[in-house]
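Chemist: Line by line, the protein sequences are chains C and Z.
All residue numbers for the first sequence refer to our numbering, where the first residue is 1 and numbers rise by one.
All residue numbers for the second sequence refer to our numbering, where the first residue is 1001 and numbers rise by one.
Do not take every clue at face value.
Quick list of in silico lysine-lysine cross-link-like pairs, BS3-like style, CA-CA up to 25 Å [said to hold, decoys possible]:
| hint | chain 1 | residue 1 | chain 2 | residue 2 |
| --- | --- | --- | --- | --- |
| 1 | Z | 1159 | C | 366 |
| 2 | Z | 1428 | Z | 1507 |
| 3 | C | 186 | C | 313 |
| 4 | C | 79 | Z | 1159 |
Worth flagging that the hints you see were computed from the coordinates, not collected in a lab.
Residue strings, one per chain:
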Amino acid sequence: MQSTLFHRAAVGLTSLMISGMTFASDWTERSDLDLRPGVTQVSQEIQDLHTTVLWIVTVIGLLVFGLIVYSMIRHRRAKNPNPATFHENVFLEVLWTVIPFVILIAMAVPATRVLVQLDDSAESELTVKVTGYRWKWSYEYLTYEDDNDIGVSFFSNLATPPEQYNNPVLSGGLFPYGTAKDLVGKEAPEKDHNYQLEVDNKLIIPSGQKVRFLVTSDDVIHSFWVPDFGGKKDAIPGFVNETWALVPEGKEGTYYGQCAELCGKNHAFMPIAVEVVSQDEFKTWIAEEKEKAASGPDLTPFSGLDQAMEEGKQVYASACALCHGANGEGGIGLPFAGTDFATKPEHLNEHIDVLVNGRAAMPAFKAQLTPRQIAAVVTYERNAFGNDTGDLIQPADVNDHE
Amino acid sequence: MSTAAATHDDHHDHHHAPTGLKRWLFSTNHKDIGTLYLWFSFAMFLAGGFMAMVIRAELLEPGMQFVDPEFFNQMTTVHGLVMVFGAVMPATVGLANWMIPLMIGAPDMALPRMNNWSFWILPFAFAILISSVIMSAFGDGNPSAPNFGWTFYAPLSTKYGPDSTDLFILSVHMMGISSIMGAINVVVTVFNMRAPGMTLMKMPLFVWTWLITAFLLIAVIPVLAGAVTMMLTDRHFGTSFFDAAGGGDPVLFQHVFWFFGHPEVYIMILPSFGIVSAIIPAFARKPLFGYASMVYATASIALLSFVVWAHHMFTVGMPLAGTLFFMYMTMLISVPTGVKVFNWVATMWRGSMSFELPMKWAIAFVILFTCGGLSGLMLAITPVDFQYHDTYFVVAHFHYVLVTGAIFSIFAAAYYWLPKWSGVMPNKLLGELHFWNSLISANLLFFPMHFVGLAGMPRRYADYALQFADYNFWISIGGFWFGLSQVLFLAVAVLCAMKKGEKAPAKPWDGAEGLEWEVPSPAPFHTFDTPPVVK
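Looking at chain C on its own, in the form it has when it is part of the complex (with noise of 0.2 Å):
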């Protein structure tokens, strides 16, 4: 992309500025001052062309201000008493309209070609539909080079613990409320290297592929951006956005992304993870997955109550806490702990029909947990904070409930 003498001399010149520099290349690094180049093509040239403008705003910034405060010295009323009267100039007002105005198309010249080139999305290998949720995000794979019938689907959760974010300091009066409440003052633990960036499922994607990403909302709009592939795409109910990355073989690695359109409270907590294979651990892995999707859901039954809580307390921490709290007190959600809801039988069958067709604000949990998922949280839900109901909930259940 190099078009224009411009661009050619502020590309040249960085790079001589910064040969001493080197950018992290994991994005969790905290050395970067500017824009990241990332790893596609794409990214590059974004960054080539924001060195460029940076460059030519900054001359003219500079040269601006020089004047100014050149005049602030030397036309000072101490050293130049006397003003000067002149108020026009027609040959240098013409002149600051039309030297800025070319400034402008060398801008707009190579703005365009990275759009357009951006633009086309055509002569993809692998289709991902990326589907925003309050507050997670769900990753399906549509068709890869020949297969259009993958049926690979799965949700990405936040999976750092809320004990290493909430980390209240006061109580009462104004802040803070709501679920953060019971916390104050408790130590918190050390935060992970990936805080707020690391989820339980990461999207894998082939290097050397193009990957073309379709790009929807299930509830409010939300924005699906990796900062090292380059740009951000709306994720939009009742639209379907276009998006595309091709990483480079050579380039695998997990690059991280955030939900980058304000979606409601947990907007910061709905990060994006995308690992990055080769083409034949590709291949493996989508064939493994394809062939778990196909076997039908896990319907083992819970070897005792235990079990069940077990991995019913690991669902409640990823899917529901954020709603209803920690320790099931509520929030935006409806309180558990010690309400007729979650301890009364005749509740039971409604409690599982909530979860699994949801009801209002309550989304339906069926296309985001399997069924055994659902049967440990009900009988977590139901045995936790107090409760002590004893129902113990089997996958089956789950499963023959419509």
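Position chain Z relative to chain C; hints supplied.
Modeler: Only chain Z this time, still in chain C's reference frame:
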């Protein structure tokens, strides 16, 4: 001047000037209403600033330490709304009320009773909006205050909005009515009440920029009213303007909002251009360079503001042709804006400058607003905007143009005209402290936001990954510092209101030009009862 005449003047004033609460509640006097607007906007500035302090306290370190993410979102939302609609806009309306009649030689605004009404709507509008925050804060977050960002994108604000969204809608309608009435008043005043000889092209630039601002307000506030009305019917009357499930379109909301929203940002900055164009010539002791081109540049910016709105929405998935159109148009705005900056520099050039407080704020405005303008040009470049969009880079950009731009110019105006308003000079020591603390802290606050944005931190995040921690720490320190610095201005303003300080002459700045300096300081209750003649 005989003593008899002076006594008569006093008597005249006393006879007509009401006192006490009635003076302010029933006022139809442009100066009193201007004063009300200015005090109100400063109160809102402090309220919105307090919310910013909550935001910065939470972001001081990674982790949730002070507030719940839900309350954090309420803070970012109401901070934005209060600052835009409560602080910047009413402040410029206050300046317009005070200064436009004085500058064009009119005895008052053309529609004085409407003037009273347009102010007195505002305290109620903001009482409604802020009541939702107070209920939320003292009610354990329930009911929630508006939490969908000042841009209130659907469906977050419609199907998923809290109950208080209806309070927000009512409050925005009231603010809109107030703004439209204020704008109509300016237009009618400027067209009908100019003194003999005050032709359009002789008007001070502040009057010009406000005239153009008023037209922008009349054009776009109804669009905002339409947007919130559609929200209201979507929420309660079964329509689906913004709901895809009912055949509507969530992106339509963004088009409608930004068709209002982009001209809105010029509504906030154009009066600043007028202020700075008055102050720089006064302290450079040299006429404004390129008066006519300033007028044309302002008009061009205003016209262009109607065809650039979708640059706020480059990531929604517009067709390529649309994206290119909005990119080119947006880049074009930098031409007239550049003309303005160059004109200010040329005004300073070979002048005889002194750096009293108004001039300090004005020069800081020119430099820092230009920084915001240049980052705006970067944001116009669409492919790069795909990376910048909704990160702290954008937050840095619009705080440079709104805080170190609009608000710095409002402070410049306050220091410039306070002698005229109050009859005493603003306290120099407090003023200097206010300026230098604000200047340094604002840059500590907003400059690192560029870096943390480029590094990839999305905006409106209640918590963030560890690589952003260092920047956020310094940004928060800058934030607290900037917030505290504004208390100094409160002291300056209170001292002036109490008439404590050096007595101001009719024209305290030797290089200042304009009719406002021909009346005594403080400006008497009634001025230009007989219009002056402008040569």
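Chemist: Residue 79 of chain C and residue 1159 of chain Z were given as a pair; does the straight-line alpha-carbon distance stay at or below 25 Å?
Modeler: Measuring from Cα to Cα gives roughly 65 Å; hence the hint is violated.
Chemist: Starting from residue 186 of chain C, check that the Cα of residue 313 of chain C is at most 25 Å away, please.
Modeler: Judged against 25 Å, a Cα distance of about 21 Å means the pair holds.
Chemist: Regarding the pair residue 1428 of chain Z and residue 1507 of chain Z, is the alpha-carbon distance no greater than 25 Å?
Modeler: holds (17 Å)
Chemist: Within a Cα-Cα threshold of 25 Å, do residue 1159 of chain Z and residue 366 of chain C meet the stated pairing?
Modeler: holds (22 Å)
When held up to the earlier numbered hints, the structure conflicts with hint 4 and nothing else.
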